[in-house]
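For the record, the sequence lines run as chains E and G.
Letter by letter, the first sequence follows residues 8 to 258 in this note's numbering.
Letter by letter, the second sequence follows residues 5 to 254 in this note's numbering.
Keep in mind the hints are simulated off the structure, nothing from the lab.
C-beta atoms are modelled at their ideal positions from N, C-alpha and C, and glycine is treated no differently.
Check before you lean on any hint, since a few could be wrong.
[Unchecked claim] Not close to chain E: a few residues of chain G, all C-beta gaps over 12 Å, as computed:
#1 Phe56
#2 Ala60
#3 Tyr68
#4 Asn165
#5 Met179
#6 Val214
#7 Ser236
[Said to hold, decoys possible] BS3-like cross-link-like pairs, simulated, lysine-lysine; straight-line CA separation at most 27 Å:
#8 G/Lys254 to E/Lys119
#9 E/Lys94 to G/Lys254
#10 E/Lys101 to G/Lys163
#11 G/Lys150 to E/Lys101
#12 E/Lys101 to G/Lys254
#13 G/Lys245 to E/Lys114
#14 E/Lys101 to G/Lys96
#15 E/Lys118 to G/Lys163
#16 E/Lys94 to G/Lys163
#17 E/Lys50 to E/Lys238
#18 E/Lys238 to E/Lys249
#19 G/Lys150 to E/Lys94
[Stated by the list, open to error] So the derived label-pair ranges between C-beta atoms look like this:
#20 G/Tyr241 to E/His139: 23 to 33 Å
#21 E/Thr81 to G/Phe91: 46 to 56 Å
#22 G/Ala87 to E/Gly37: 26 to 36 Å
#23 G/Ile103 to E/Asp130: 47 to 57 Å
#24 E/Gly73 to G/Ser248: 36 to 46 Å
#25 G/Leu156 to E/Ile84: 44 to 54 Å
#26 G/Ile111 to E/His139: 50 to 60 Å
#27 G/Ala87 to E/Gly32: 33 to 43 Å
#28 G/Leu242 to E/Asp130: 34 to 44 Å
#29 G/Leu242 to E/Ser38: 27 to 37 Å
#30 G/Leu234 to E/Thr179: 46 to 56 Å
#31 E/Lys119 to G/Ala112: 50 to 60 Å
#32 G/Leu156 to E/Gly32: 17 to 27 Å
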Amino acid sequence: MYALQQAKAGHAGAKEEVIRLDRIGKRFDGSEVLRDISLHLRKGEFVSLLGPSGSGKSTILNIMTGLEEADTGTVSIGGQIGYMQQKDLLLPWKTVIDNIALPLDLKGRNKKESRALAESLIDRVGLRGYEHRYPGEMSGGMKQRASFLRTLIASGEIMLLDEPFGALDSMTKSSMQQWLLEVQEAFGLTILFITHDIEEAILLSDRVYVLSSRPGTIKEELGVDFGVGDKRSRLVDPKLLKMKERIRSLL
Amino acid sequence: MILKKKTGHWFYPIAALFLAVLMWQLVVTLADIPIYILPSPLDTVKALLTDFGMIARHLIATLYASLLGFTLSVALAFILAIAMDSFGVVKKSLYPILIVSQTVPTIAITPLLIIWFGFGVLPKILIIVLMCFFPICISLVDGFDKVDGDYLRLFRSIKANRWQTFYHLKLPHAMVNLFSGLKIAATYMLMAAIIGEWQGGTDGLGVYMVRTKNAYALDKMFASILVIVLISVALIYLINKVASRVNHWK
Ligand SMILES: Nc1ncnc2c1ncn2[C@@H]1O[C@H](COP(=O)(O)OP(=O)(O)OP(=O)(O)O)[C@@H](O)[C@H]1O
Ligand SMILES: [Mg+2]
Numbered sequence: 008m009y010a011l012q013q014a015k016a017g018h019a020g021a022k023e024e025v026i027r028l029d030r031i032g033k034r035f036d037g038s039e040v041l042r043d044i045s046l047h048l049r050k051g052e053f054v055s056l057l058g059p060s061g062s063g064k065s066t067i068l069n070i071m072t073g074l075e076e077a078d079t080g081t082v083s084i085g086g087q088i089g090y091m092q093q094k095d096l097l098l099p100w101k102t103v104i105d106n107i108a109l110p111l112d113l114k115g116r117n118k119k120e121s122r123a124l125a126e127s128l129i130d131r132v133g134l135r136g137y138e139h140r141y142p143g144e145m146s147g148g149m150k151q152r153a154s155f156l157r158t159l160i161a162s163g164e165i166m167l168l169d170e171p172f173g174a175l176d177s178m179t180k181s182s183m184q185q186w187l188l189e190v191q192e193a194f195g196l197t198i199l200f201i202t203h204d205i206e207e208a209i210l211l212s213d214r215v216y217v218l219s220s221r222p223g224t225i226k227e228e229l230g231v232d233f234g235v236g237d238k239r240s241r242l243v244d245p246k247l248l249k250m251k252e253r254i255r256s257l258l
Numbered sequence: 005m006i007l008k009k010k011t012g013h014w015f016y017p018i019a020a021l022f023l024a025v026l027m028w029q030l031v032v033t034l035a036d037i038p039i040y041i042l043p044s045p046l047d048t049v050k051a052l053l054t055d056f057g058m059i060a061r062h063l064i065a066t067l068y069a070s071l072l073g074f075t076l077s078v079a080l081a082f083i084l085a086i087a088m089d090s091f092g093v094v095k096k097s098l099y100p101i102l103i104v105s106q107t108v109p110t111i112a113i114t115p116l117l118i119i120w121f122g123f124g125v126l127p128k129i130l131i132i133v134l135m136c137f138f139p140i141c142i143s144l145v146d147g148f149d150k151v152d153g154d155y156l157r158l159f160r161s162i163k164a165n166r167w168q169t170f171y172h173l174k175l176p177h178a179m180v181n182l183f184s185g186l187k188i189a190a191t192y193m194l195m196a197a198i199i200g201e202w203q204g205g206t207d208g209l210g211v212y213m214v215r216t217k218n219a220y221a222l223d224k225m226f227a228s229i230l231v232i233v234l235i236s237v238a239l240i241y242l243i244n245k246v247a248s249r250v251n252h253w254k
């Protein structure tokens, strides 16, 4: 019953696809890392990629962003992508606001306007008052949020997030998850989210792709069909446990 | 990071130094050692005060050559480090040669430089560049090199061009390294100038040292050594100050 339900997918609308990977294969130094990966994202969807360490999750994102070349298969991207890598990768010698505005600076935008845009979004990530601090003075969660905002500024509406909450304690993590859902709604984002954490994937996603261990293949594609209107209600839904069990048995 | 830290860290080395100087003074005084064998600390300070004008004149010549050589070294180091960073071939060809070149004893080639370029300031500056260029260049190259690959990916994914990647990422990253190279170079630069002057020349502290040594005026020679030590410490202090300004985010 948890298998992908076309009807459910239909709910996300017959909306256009913004990302499609078709039968992607990738080897590193002769050893196969990805095999026959096909997946897609529709506009406005929140999709998770769940898989064990080394299953090639980050490699998939690198292929989508053109940082790596796929050996076989096709990639189609319809829109501007922002890519938030596994680490926060803030420049320690730039202030938070300068870090966030960096992508705009590199595009040669007017410095003042870029700062103003970054300033206007800083409340959204709860970093008001920290604009002129350096990353070294901030907690892991704050750095992740700054990194997120930098990605958001650089991107159109598609965001690829590689374990953005991987390094956080569970309390911070759950507030960040709520925050992410709010931001997604506010900006109408399409999100591809990588995680190790089964529960996190279920709580946040419309659909989940489960990857096998190396070489990574798509084991299963699951639609999360409960708590669709209010994802927060999923936490107390008994279906959560069942789905967790089901995914655990896949991994 | 030597000689930085909090004021508390100053106390121990200064106390130890003070004790050593005190013992030195006691040994010389009690054993009644003549000045041409070993001058005491007090003799040294006295000589510094009485011959101050002369020492200052020579010091200025040494500092002039040193700073000029140092500036040239920094410029050359930047040019070469950037070339090595930008072109793999340049780095592959030059990096090993640079390392090996450091095993050539500078002191052995200074007479050659003097033969080729005379007793003027030029051979002195060349010696300084030969010694100072290396630590600065290597610190820069390593600094550029050690930038985390994930940061490079970040810059690629936000479509930074080469120059932007250099300016916003590699250069600031290398700044921390650069200053440790600069500190080494700053201590080398006076040494190198003195080596050059020692082997021939008309002015500079090296010349002064040779003359005072030949006259068995060891107190004056020690006075000039003291000056060099003090200047070196001051330079390192200055570089530390600049470093903490530049790398204020640390
Ligand atoms: N540039 C590369 N060169 C060689 N091997 C690579 C490269 N990038 C990734 N790999 C290898 O490919 C495999 C998949 O890596 P990837 O980082 O995509 O996994 P992942 O699923 O993101 O793992 P994690 O959950 O630990 O982040 C790993 O075994 C890794 O060592
Ligand atoms: Mg990864």
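Here is how each hint holds up against the structure:
Separation of G/Phe56 from chain E is adequate, the least Cβ-Cβ distance of about 44 Å exceeding the 12 Å criterion. With 12 Å as the threshold on Cβ separation, the claim that G/Ala60 sits away from chain E holds: the shortest Cβ distance comes to roughly 40 Å. Remark: the non-interface label on G/Tyr68 is consistent with the geometry, its nearest Cβ contact in chain E lying 34 Å away (cut-off 12 Å). A cut-off of 12 Å between C-beta atoms contradicts the statement that G/Asn165 is not in contact with chain E; the least separation is 8 Å.
Annotated as non-interface, G/Met179 brings its C-beta within 12 Å of a C-beta of chain E; the closest such distance is 8 Å. With a minimum CB-CB distance of about 46 Å to chain E, G/Val214 clears the 12 Å threshold, and the non-interface call stands. No Cβ of chain E comes within 12 Å of the Cβ of G/Ser236; the nearest lies about 29 Å off, and the non-interface call holds. For the hint pairing G/Lys254 with E/Lys119, the CA-to-CA distance comes to about 26 Å; that is within 27 Å, so the pair holds.
For the hint linking E/Lys94 to G/Lys254, the alpha-carbon distance of about 19 Å falls within 27 Å, and the restraint holds. With a C-alpha separation of about 19 Å, the suggested pairing of E/Lys101 with G/Lys163 holds against the 27 Å cut-off. At most 27 Å may separate the alpha-carbon atoms for a hinted pair to count; G/Lys150 and E/Lys101 meet this at roughly 18 Å. Simply put, E/Lys101 and G/Lys254 have alpha-carbon atoms about 11 Å apart, close enough for the 27 Å limit, and the pair holds.
Proximity of G/Lys245 to E/Lys114 is assessed by CA-CA distance (about 34 Å); at most 27 Å being required, the pair is judged violated. Under the criterion of a C-alpha separation no larger than 27 Å, the hint pairing E/Lys101 with G/Lys96 is inconsistent with the structure, at around 32 Å. Taken as a hint, the E/Lys118 and G/Lys163 pair is honoured in the structure, with Cα atoms around 17 Å apart against an allowance of 27 Å. This hinted pair checks out: E/Lys94 and G/Lys163 have alpha carbons roughly 18 Å apart, not beyond 27 Å.
Distance hint between E/Lys50 and E/Lys238 is fulfilled; the C-alpha atoms sit about 18 Å from each other, no more than 27 Å. Taking the CA atoms of E/Lys238 and E/Lys249, the gap is about 16 Å. The hint holds against a cut of 27 Å. With a C-alpha separation of about 17 Å, the suggested pair G/Lys150 and E/Lys94 falls inside the 27 Å cut-off, and the hint holds. Under the hint 23 to 33 Å, the C-beta atoms of G/Tyr241 and E/His139, about 29 Å apart, fit the expected range.
Between E/Thr81 and G/Phe91 the C-beta distance comes to about 35 Å, which lies outside the given range of 46 to 56 Å. At about 34 Å, the CB distance of G/Ala87 to E/Gly37 agrees with the hint of 26 to 36 Å. Restraint check, G/Ile103 to E/Asp130: a C-beta distance of roughly 53 Å satisfies the suggested window 47 to 57 Å. Restraint check, E/Gly73 to G/Ser248: a C-beta distance of roughly 40 Å satisfies the suggested window 36 to 46 Å.
Hint check: G/Leu156 to E/Ile84, Cβ distance near 21 Å, so the stated range 44 to 54 Å is violated. Range check, G/Ile111 to E/His139: about 51 Å between beta-carbon atoms, so the 50 to 60 Å window is met. The hint said 33 to 43 Å for the Cβ distance between G/Ala87 and E/Gly32, and at roughly 39 Å that hint holds. Look at G/Leu242 against E/Asp130: about 43 Å separates their beta carbons, and that is inside 34 to 44 Å.
The supplied range of 27 to 37 Å is broken by G/Leu242 and E/Ser38, whose beta-carbon atoms lie about 53 Å from each other. Between G/Leu234 and E/Thr179 the beta carbons are some 52 Å apart, a value that agrees with the proposed interval 46 to 56 Å. As the Cβ distance of E/Lys119 to G/Ala112 is approximately 59 Å, the hint placing it in 50 to 60 Å holds. In this structure, G/Leu156 and E/Gly32 meet the distance hint of 17 to 27 Å, their C-beta atoms being roughly 25 Å apart.
Checked against the numbered hints listed earlier, the structure breaks hints 4, 5, 13, 14, 21, 25, 29; every other hint is satisfied.
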